[in-house]
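Number of protein chains: 2
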Amino acid sequence: MPVDERTLISRYFTGRQGSRPDVLLGIGDDAAVLRCEPGWDLVVATDSIAEGTHFPAGIPAHAIGHRCLAVNLSDLAAMAAEPLWCSLALSLPKAEPLWVEEFAAGLFALADRSGTALIGGDTVRGPLAATITVQGRVRPGAAVTRAGARIGDGIWVTGHPGDAVAGRLLLDGASQLAATVRDALCQRFLYPEPRLHEGLALGALATAMLDVSDGLHDDIGKLMMASGRGAELDAGLLPVSAELRAAAAGRAIEYALTGGDDYELCFTVPEQATARLQAMAADWPVAITRIGTVVSEPGVRWQYQGRALQVPDSTFRHF
Amino acid sequence: MPVDERTLISRYFTGRQGSRPDVLLGIGDDAAVLRCEPGWDLVVATDSIAEGTHFPAGIPAHAIGHRCLAVNLSDLAAMAAEPLWCSLALSLPKAEPLWVEEFAAGLFALADRSGTALIGGDTVRGPLAATITVQGRVRPGAAVTRAGARIGDGIWVTGHPGDAVAGRLLLDGASQLAATVRDALCQRFLYPEPRLHEGLALGALATAMLDVSDGLHDDIGKLMMASGRGAELDAGLLPVSAELRAAAAGRAIEYALTGGDDYELCFTVPEQATARLQAMAADWPVAITRIGTVVSEPGVRWQYQGRALQVPDSTFRHF
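Top to bottom, those sequences are chains B and S. Converting from the first sequence to our numbering requires adding 45 to each position, the first position being numbered 1. Converting from the second sequence to our numbering requires adding 45 to each position, the first position being numbered 1.
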């Protein structure tokens with residue numbers, strides 16, 4: 046059944062802008078018109094995901110719809126921003142209504158619970174890929190950039206880096222793991238959870254922050270580079286999950302350091318704010334773990350069981 | 046020479062955000078931070094262009110860089126909005142420095158003269174395609190939507206619809222046209238000029254407006270549908286250029302009505318504002334032409350030399 050772009054869009058995407066009063070004109074005209082409340086700055090991020098690069102062929106459309114928004118919301122979380130609106134550019138090999146319906150369901154499930162309104166977009170024919178530009182807001186001066194880490198700050202990470210890449214590898218092939226372990230890891234890859242609530246709260250304490258997408262080691266390097274500092278870290282402190290240990294055995298730490306696709310927050314907090322951080326995080330649904338300390342000497346140095354650890358180049362690079 | 050994404054981006058795209066004081070944090074962090082001036086609403090559009098669909102393979106990278114921004118600025122023009130910022134998602138088959146340099150030159154030439162700051166983006170490996178999300182601003186209530194056309198309003202168009210599709214067809218093959226004619230038409234396809242100045246000025250007079258991307262006939266249909274009105278038009282009034290007559294001969298009117306890729310503005314203006322419109326447009330670099338009138342009966346009806354004209358389905362559809 047051939048369905049043209051306009052029909053597809055109107056069927057699954059229009060009229061879904063939710064009830065945000067700041068969307069003055071939503072999908073359907075040449076552009077959307079939005080109201081910026083006074084006293085806020087705008088925060089804007091753009092991320093693309095493409096089949097074969099950012100996710101393997103054959104994963105559910107629902108997970109792809111979730112993913113393209115989640116990776117963008119994760120950028121807002123890393124700025125301590127609150128989401129407002131997003132635009133979607135979707136490249137589809139064919140206009141397949143059932144696929145688009147499932148994709149839209151995954152996208153809107155996350156959009157609705159994060160309060161993000163879809164305000165526009167475009168569809169073209171091509172290999173499966175999705176680009177979202179997301180817009181959020183912060184109070185003036187409240188955005189947490191990568192550039193504020195100070196000597197002596199603790200280096201922290203949310204969740205369990207490495208789970209996602211293990212899940213992705215499991216999606217690709219057979220495995221002798223228990224179904225519960227396998228499912229948990231696959232879920233961590235398929236449904237990355239943007240740490241919006243946590244990022245917003247960290248705005249009050251973190252001196253620098255980013256989200257972990259390219260691998261923890263690489264991303265800490267970016268944080269330190271932007272801050273003009275270095276990091277000393279202990280791989281023995283890494284919050285390696287029981288599932289990752291089961292799946293990756295002796296390579297669990299390598300997965301955690303270089304896997305990527307975690308979409309966890311990595312951030313720095315002054316030593317004296319540690320107790321406040323732990324109190325704040327006590328009721329979060331995700332654990333936080335201190336894995337190192339900011340130092341003056343540039344570079345990212347890991348040790349493990351008292352010895353220097355050489356971290357391999359990121360194994361799973363996107364471009 | 047293999048060049049990775051990060052190197053490419055930093056070489057050609059960072060540090061190019063220009064001097065807009067409302068860009069508080071530009072390219073290089075998880076997201077950009079932007080200042081919305083009080084007393085303005087935000088206008089946001091997203092358009093993608095893909096090789097083989099929106100432009101043929103082999104056209105200059107400079108023209109592709111121009112095009113991906115131009116088609117988005119054209120959407121802002123059609124809202125009577127003023128551009129502020131844009132984000133770019135670029136899909137590239139390979140990271141080829143010379144190509145990227147030329148692409149960036151085309152993009153920034155238009156960005157700089159339109160006052161649009163590039164504030165972020167993403168690059169992925171894939172077939173050549175570019176998505177831009179552009180943000181502009183209007184005074185509250187000043188956006189011109191598609192929905193305001195009133196009975197008796199004149200229907201107007203800027204420039205010379207049909208030139209662009211003729212240019213595109215000429216790019217594809219040999220031609221016996223004079224080089225000057227051929228070059229002029231190819232230029233019209235390769236370098237669509239967003240009618241920003243004209244769109245902004247039309248904010249004071251137009252009751253409804255859009256930019257012509259899918260073909261004049263189709264797009265007038267959208268304008269009338271959104272306005273709940275109909276259109277009666279005279280194809281004999283179409284501003285067919287001498288170049289298009291030379292290139293398309295007996296099909297010039299068909300090209301003008303169904304070609305698309307024009308990125309001209311089509312708008313409606315009350316009869317009694319005609320003189321003001323003409324005075325305003327007298328010093329524009331682009332002509333404006335009245336081609337019809339808004340009526341109550343839905344539908345878009347053309348006549349030509351006193352007879353009803355049947356318009357064929359758009360010949361050049363993108364999805």
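Just so you know, not all the hints are guaranteed correct.
[Said to hold, decoys possible] DEER-style ranges, computed between Cβ atoms:
1. Ala224/B with Ala102/S: 30 to 40 Å
2. Asp67/S with Gly60/B: 47 to 57 Å
3. Thr225/S with Met270/B: 50 to 60 Å
4. Thr59/S with Asp217/B: 28 to 38 Å
5. Arg346/B with Arg184/S: 16 to 26 Å
6. Gln232/S with Arg346/B: 53 to 63 Å
7. Val340/S with Pro66/B: 47 to 57 Å
8. Arg61/B with Gly97/S: 43 to 53 Å
9. Gln350/B with Gly160/S: 50 to 60 Å
10. Gly97/S with Ala320/B: 35 to 45 Å
11. Gly97/S with Ala324/B: 52 to 62 Å
12. Gly97/B with Ala102/S: 36 to 46 Å
13. Gly103/B with Val340/S: 30 to 40 Å
14. Leu143/S with Ala324/B: 34 to 44 Å
[As the list claims (entries may be wrong)] If you only want the chain B side, here are some residues facing chain S, beta carbon under 8 Å, derived:
15. Gly60
16. Ser64
17. Pro66
18. Val68
19. Asp92
20. Pro101
21. Ala102
22. Ile104
23. Ala123
24. Arg170
25. Thr178
26. Arg191
27. Gly193
FYI, nobody ran anything at the bench for these hints, they're computed from the structure. Cβ atoms here follow ideal geometry from the backbone N, Cα and C, with glycine treated the same way.
Exercise for the section: Quick one: which hint numbers does this structure break? Sort them smallest to largest. Expected result: Hints 1, 2, 5, 7, 8, 10, 12, 13, 14, 15, 16, 17, 18, 20, 21, 22, 27 contradicted; others consistent.
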